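Student: Protein chains in written order, with the UniProt record's numbering: chain A, 1 to 218; chain B, 1 to 218; chain C, 1 to 218; chain D, 1 to 218; chain E, 1 to 218; chain F, 1 to 218; chain G, 1 to 218; chain H, 1 to 218.
Treat the hints as calculated values from the structure; they're not laboratory data.
Everything numeric in this text was worked out from a predicted model, so none of it was measured.
For glycine and all other residues, C-beta sits at the position ideal for the given N, C-alpha and C.
It is possible that some hints are incorrect.
Here are some of the chain H residues that sit facing chain E, going by a computed Cβ distance under 10 Å [as the list claims (entries may be wrong)]:
1) Gly6
2) Lys8
3) Glu27
4) Gly28
5) Gly32
6) Gly53
7) Ile54
8) Val56
9) Ile211
8 protein chains.
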Amino acid sequence: MKIAKGQKILFIGDSITDCERARPIGEGLYGGVGKGYVSLIDALLQSGYPELGIRVVNMGVSANNVRDLKARWETDVINQQPDWLIIMIGINDVWRQFHSPFIHTSHVYIEEYESTLRELVKDALPVTKQLVLMTPFFIEANRQDDMRTTMDQYGIVVKRIAEEIDALFIDTQAAFDSVLKELYSASLALDRVHLTQAGHMVLARAFLNKIAFEWSKD
Amino acid sequence: MKIAKGQKILFIGDSITDCERARPIGEGLYGGVGKGYVSLIDALLQSGYPELGIRVVNMGVSANNVRDLKARWETDVINQQPDWLIIMIGINDVWRQFHSPFIHTSHVYIEEYESTLRELVKDALPVTKQLVLMTPFFIEANRQDDMRTTMDQYGIVVKRIAEEIDALFIDTQAAFDSVLKELYSASLALDRVHLTQAGHMVLARAFLNKIAFEWSKD
Amino acid sequence: MKIAKGQKILFIGDSITDCERARPIGEGLYGGVGKGYVSLIDALLQSGYPELGIRVVNMGVSANNVRDLKARWETDVINQQPDWLIIMIGINDVWRQFHSPFIHTSHVYIEEYESTLRELVKDALPVTKQLVLMTPFFIEANRQDDMRTTMDQYGIVVKRIAEEIDALFIDTQAAFDSVLKELYSASLALDRVHLTQAGHMVLARAFLNKIAFEWSKD
Amino acid sequence: MKIAKGQKILFIGDSITDCERARPIGEGLYGGVGKGYVSLIDALLQSGYPELGIRVVNMGVSANNVRDLKARWETDVINQQPDWLIIMIGINDVWRQFHSPFIHTSHVYIEEYESTLRELVKDALPVTKQLVLMTPFFIEANRQDDMRTTMDQYGIVVKRIAEEIDALFIDTQAAFDSVLKELYSASLALDRVHLTQAGHMVLARAFLNKIAFEWSKD
Amino acid sequence: MKIAKGQKILFIGDSITDCERARPIGEGLYGGVGKGYVSLIDALLQSGYPELGIRVVNMGVSANNVRDLKARWETDVINQQPDWLIIMIGINDVWRQFHSPFIHTSHVYIEEYESTLRELVKDALPVTKQLVLMTPFFIEANRQDDMRTTMDQYGIVVKRIAEEIDALFIDTQAAFDSVLKELYSASLALDRVHLTQAGHMVLARAFLNKIAFEWSKD
Amino acid sequence: MKIAKGQKILFIGDSITDCERARPIGEGLYGGVGKGYVSLIDALLQSGYPELGIRVVNMGVSANNVRDLKARWETDVINQQPDWLIIMIGINDVWRQFHSPFIHTSHVYIEEYESTLRELVKDALPVTKQLVLMTPFFIEANRQDDMRTTMDQYGIVVKRIAEEIDALFIDTQAAFDSVLKELYSASLALDRVHLTQAGHMVLARAFLNKIAFEWSKD
Amino acid sequence: MKIAKGQKILFIGDSITDCERARPIGEGLYGGVGKGYVSLIDALLQSGYPELGIRVVNMGVSANNVRDLKARWETDVINQQPDWLIIMIGINDVWRQFHSPFIHTSHVYIEEYESTLRELVKDALPVTKQLVLMTPFFIEANRQDDMRTTMDQYGIVVKRIAEEIDALFIDTQAAFDSVLKELYSASLALDRVHLTQAGHMVLARAFLNKIAFEWSKD
Amino acid sequence: MKIAKGQKILFIGDSITDCERARPIGEGLYGGVGKGYVSLIDALLQSGYPELGIRVVNMGVSANNVRDLKARWETDVINQQPDWLIIMIGINDVWRQFHSPFIHTSHVYIEEYESTLRELVKDALPVTKQLVLMTPFFIEANRQDDMRTTMDQYGIVVKRIAEEIDALFIDTQAAFDSVLKELYSASLALDRVHLTQAGHMVLARAFLNKIAFEWSKD
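Bound conformation, chain A alone:
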């Protein structure tokens, strides 16, 4: 188990992360960490390792792209001084290219995405002990699908940056692909983005496996 006693782990991202978390800081009783994968991770950590006293904080904001993260990075990440920082961003950067193709100003193309994400990651390095980069994903089994192809390119960017800074890297798309061999996309996300509870559990399991969570620990 890679998370140490008393550490604070902060998740940042878009609506997949947000899920009605508390404002301004997403923690505490009464659903402070939201209702998505962050909540599942928190519940598994508290029930599995109560003795570790891990503090989970959710700073996701619905509809965010990497530009939006940049605008609130100082306040919502650096100032929070997390021990762990987990970033999953990019879905909106890509999605708007497909659902609103004519509103170019709302698109974040791959060069801007890469340079901005790299900048954010480098800003965070000095103040965190461990960085985790999760790819964005698209719940579509067909790799030739236009939006899937694009999302995969953004995932490659995430992987490249993770390698550059030696962060933990989680290929969420690969985790979903494993389920999509058995189930059609609609059973995980009607719009192929906003996940059912099962979809959120795929993310939670991918994260916990990466940090060597012991499932059978009593």
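Given the structure of chain A, go ahead and fit chains B, C, D, E, F, G and H onto it with the hints provided.
Tutor: Just chains B, C, D, E, F, G and H, lined up with the frame of chain A:
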């Protein structure tokens, strides 16, 4: 223009048709015909042919499949005595096979779909002057996609029944495919089913072209 | 078809234009362009010419008169840099003279209307490629009706300004008069101002015919 | 003053009468008599003739036509045993012919209107001491307007029936016409039917003048 | 009739005046003048003297005492430049002495009441053509009742100030006493302050009689 | 202390008793006994005599008069099998004679009040161990006030019946009169009926003193 | 892994199970299985074993005790024909003895609890393939606490019945005790009954470990 | 009775005090003092000593700890100039250590608690006539319970400070312990903090007994 002066045309179907229509009868001022393609057709008929006095009625009900239509056919179709009857059903029959694959009781497989639809159509024949059958559709350009493939099979059933009884037949899937050559599915329907206004307009145009609506008539 | 590939067309006006559009900018998914004639034009452009990538923006504000447009012209028109600008204003300028005759401060008489509208149009000329001026209207067939007579005078002002700057001119009153030969005013607008969907379609068709929209194009 | 001590006067009609009255019986504190002309009459009677102990009851129901009155006549009129019965009906009978011209089943043409109203009046004669018939009205100064012309015909029917049974007759249209000489229709009713408070006061004054209410009585 | 053509008359006071009027200025369609006696006066003026074009403005604010009027006098009275100014204030000044006897800071005793009201009236004199002072009231027939006795003292103050500046004076208490000879207080106001519609009509009639409104004028 | 271990005491009455109690049975956590004097009695019994396990049930219903009690007596009193039954009714029987003087059908005059109350009390005698009759009250210090005078007559009826059946009798009016020597009615009840928390405490203390509650018991 | 391909597993219980599940049948998209431990189990089964097609149904109802289960057993359990049936009941049977000690009729004492639960279990045996009995629990580390002691007795009953019929048995109290060694009760449930997400995860893990769920399976 | 005629007594604390009091100042009609023990004390003072004219003010704020009191001490206490000041704080200081053990920044440990409380008390001394310090409490009979043990320590601090400054001291925990001998904690507070009405009455009685309230005074 195939609709004659004073005729009553009734649309029946699922949520694509319903779109918040009035209850129990979907007609009249204040959005009685809902906010979807039926409303667009109504607006084009009233503004284009005000002298014809065409009465449009919307009897769509969200979440309906062909089984649900059967249960309310007497009340909502036969008793209304429409001159024209337009049917578009099948999306939920197929969709639940994909988004809730383990709840078999909610699925309507193709044999039941075909026999039920044929029965409904034959019941309606004696009381209407003109039947129009519209295929169900799936806003997905990839014809190898599992759900698209299935939906196409249901569309073939609709075509077969239309030919048997010599009804007007509208291939809505073909109409959407024409747009999907240019645009990704998300810009017409985020979940590939529930349409934007542009998506509803595709349906309205397909219908009106089929009945020889003169667009440039003043 | 006069609108070129990739152009941005912006509509500005009052409640007839507004119709619950998104704020601060009226565009995007989920009804960003509102529920009125702008939405119908957008749907017809997207479904009819998906390959053109036309971006429609709705900047109407309910209850606005030409004075209100002036107050937000810089922000809501000039700064948006539209290729096309479509203006329909004047109904409230006139209506309040009739429904609140004693509140003189709320009236905009014809001299102020003309000079203000001319000023706005001239300010917009340098930053747009094409201007379209639509008359205000009153859904009343009787041309001797006091408010109709007044509204017709405001329409003449619009026409004069359109001619001065060689803008496209749309006589919306004439479009409605054509329908009012067949239908009583109440079926288009109970209060002779706020339109049913059929009323909005009259506007959409008038606009699209003016820009040479090909209705039967596939 | 024609209303005697302790009498119960009951108003029946459509939305002009209803105005959010209490259900099932429209009387009592907290706005039981609604917010329209019935409320004004009640307030003038209580403040002007407190010693008479007049009981006012409002049984109007929004959207009602004469057919709807017939369906609830026994319950809402006969069983209430009013001393005075005031009837104002017909606006919806006419209006729907104009705002929903193609939905013929919602129209009540003049023959049905006359025979039904006569039947209702005759049923009420034995159980009431005084009947008052008020014409329906349309807030439109132009007597050549199609809907105004039709409404005037319905008003003539009301007058004829009032004469047949020697009821008090109130020409509400004439009362409004007197104001419409000075003011445009919109200042009394934007849709020419649903009245402002000033419009309701026109009705209240017409009624009270007919029953010899002494305005200056202290 | 003392109000001249085109004059603007402004009412200021507390909850009896306010009655849900529009903000910031209480005038215009859709109940802008509220639902109380100001609305009744407006309705009677518009329906009785439509040719005069009288503009009624309601600036009452619920819970106000004379101190609160002072705080907003510049904005809500002087800047509005009314031709007529009608003031009715004092109920809360007194009432709180009785319902919250221990919260002394909320009471306005008679010396402060008199000096403040006189100051406000004198400030308004130069900018108005006619001032009307209405007494506060208490719906209680028993003149020995403590709160009634106190309210009567405040009414005497109002009368004195009216005489000093030669304003029109309306003894609202006397108007209510006339009704209270016949009816128990509860039928005009359950809490002896907040009036039923009949209670508001008593005020409206007292005002209109004072300005020589011709009730029977056609 | 007259209530014995484990006894169930049931209160029945009107809005003074009801105060948002639970339905259908007014007991249990989360405010089941309402927010009025019953709740205060319950709180004092539980905190003062926790060892007695007294079960308090509130069956008051807002707007009830003695007629209404009769209609639900079997269900709401007899079937509940209370050890103690406390009745306080009559305020609405009297009040409506004063706030709605012309709606005679809503009045319960003293003969009907007495005979009905006697009948109810006698029906309850066999199934209860102790009956308590509380007078209705009116928060008005002036005994010559018309409504006060009437209410006092109803209180005399309650006393007479209590004596006939040897029930405990509580003169609530006397308890309030004691406070009204010091405070004006408005500080206990703005409308002289619906009590502030202090007013409810007067009732609670009157009841508890009657049953020999030991206030200083620890 | 003990659950076989295509099996239907049904959970029944109280508010811990319910958690806003769909009505009448708790399954399907959009949170049909609620937001508690059943939802977590469903998410883990779908994400971990998508190939098995397991159908999870939640039939919990808030506030239920074993008596309530009996009343709906035929409809909600037998008629549903589940392959697996998981029962967790008893918290309300015990809790009401402690939070409402004087309302004896709401208590279910241990003899009735045992006989009723045994009867329900035996009724279900013929129609299910596998029964799972989960103990009720109380989130309190102190085993001498009165309510904890009582709850433990009810847990022993559950264990005894599970042994009699050879059902799977889950000691939820033991699972919580393991966490309570590290954390104070309030961090799992403020009222020691209604669980945080971490508390629900304790239940989900206890269940899944019992059925040999492979956590690290990919 | 220690409170003198005309004195103002101000309560400050957390959610136990707040209970929906009015903002910004918690006093006046319509529940201004909230619905908790402050309201009960106010009701008992007004009904028991109406001649004293005691003014009760509630300045509690839900979720406050002693740090929060410090932040608003000037505004909410010093500036209010109360004669009596009653402080009950500390529950949230302790509770968060137990329900959110990992969010250390939300905890107020005992040293900070003591020094802050002493500072606040000393600041208030010069401006008040009488200080009352009430201990925080935890509704748990078991003194070995971790949170109870901690809360008792905070109570000792309160006692020490009270003795230092010779304030009145109320041991609320002792008052509750007396009831907890008879009743299980859940009947006073499901979460052992937020009280039922009976729980609030325990506080009210403890306070009133301390100030020599005469319960049997008439």
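Student: Next step is simple, just say for each hint if it's right about the structure.
Tutor: Hints, verified against the model:
no.: 1; hint: Gly6; result: 7 Å, holds
no.: 2; hint: Lys8; result: 8 Å, holds
no.: 3; hint: Glu27; result: 6 Å, holds
no.: 4; hint: Gly28; result: 6 Å, holds
no.: 5; hint: Gly32; result: 9 Å, holds
no.: 6; hint: Gly53; result: 5 Å, holds
no.: 7; hint: Ile54; result: 7 Å, holds
no.: 8; hint: Val56; result: 8 Å, holds
no.: 9; hint: Ile211; result: 17 Å, violated
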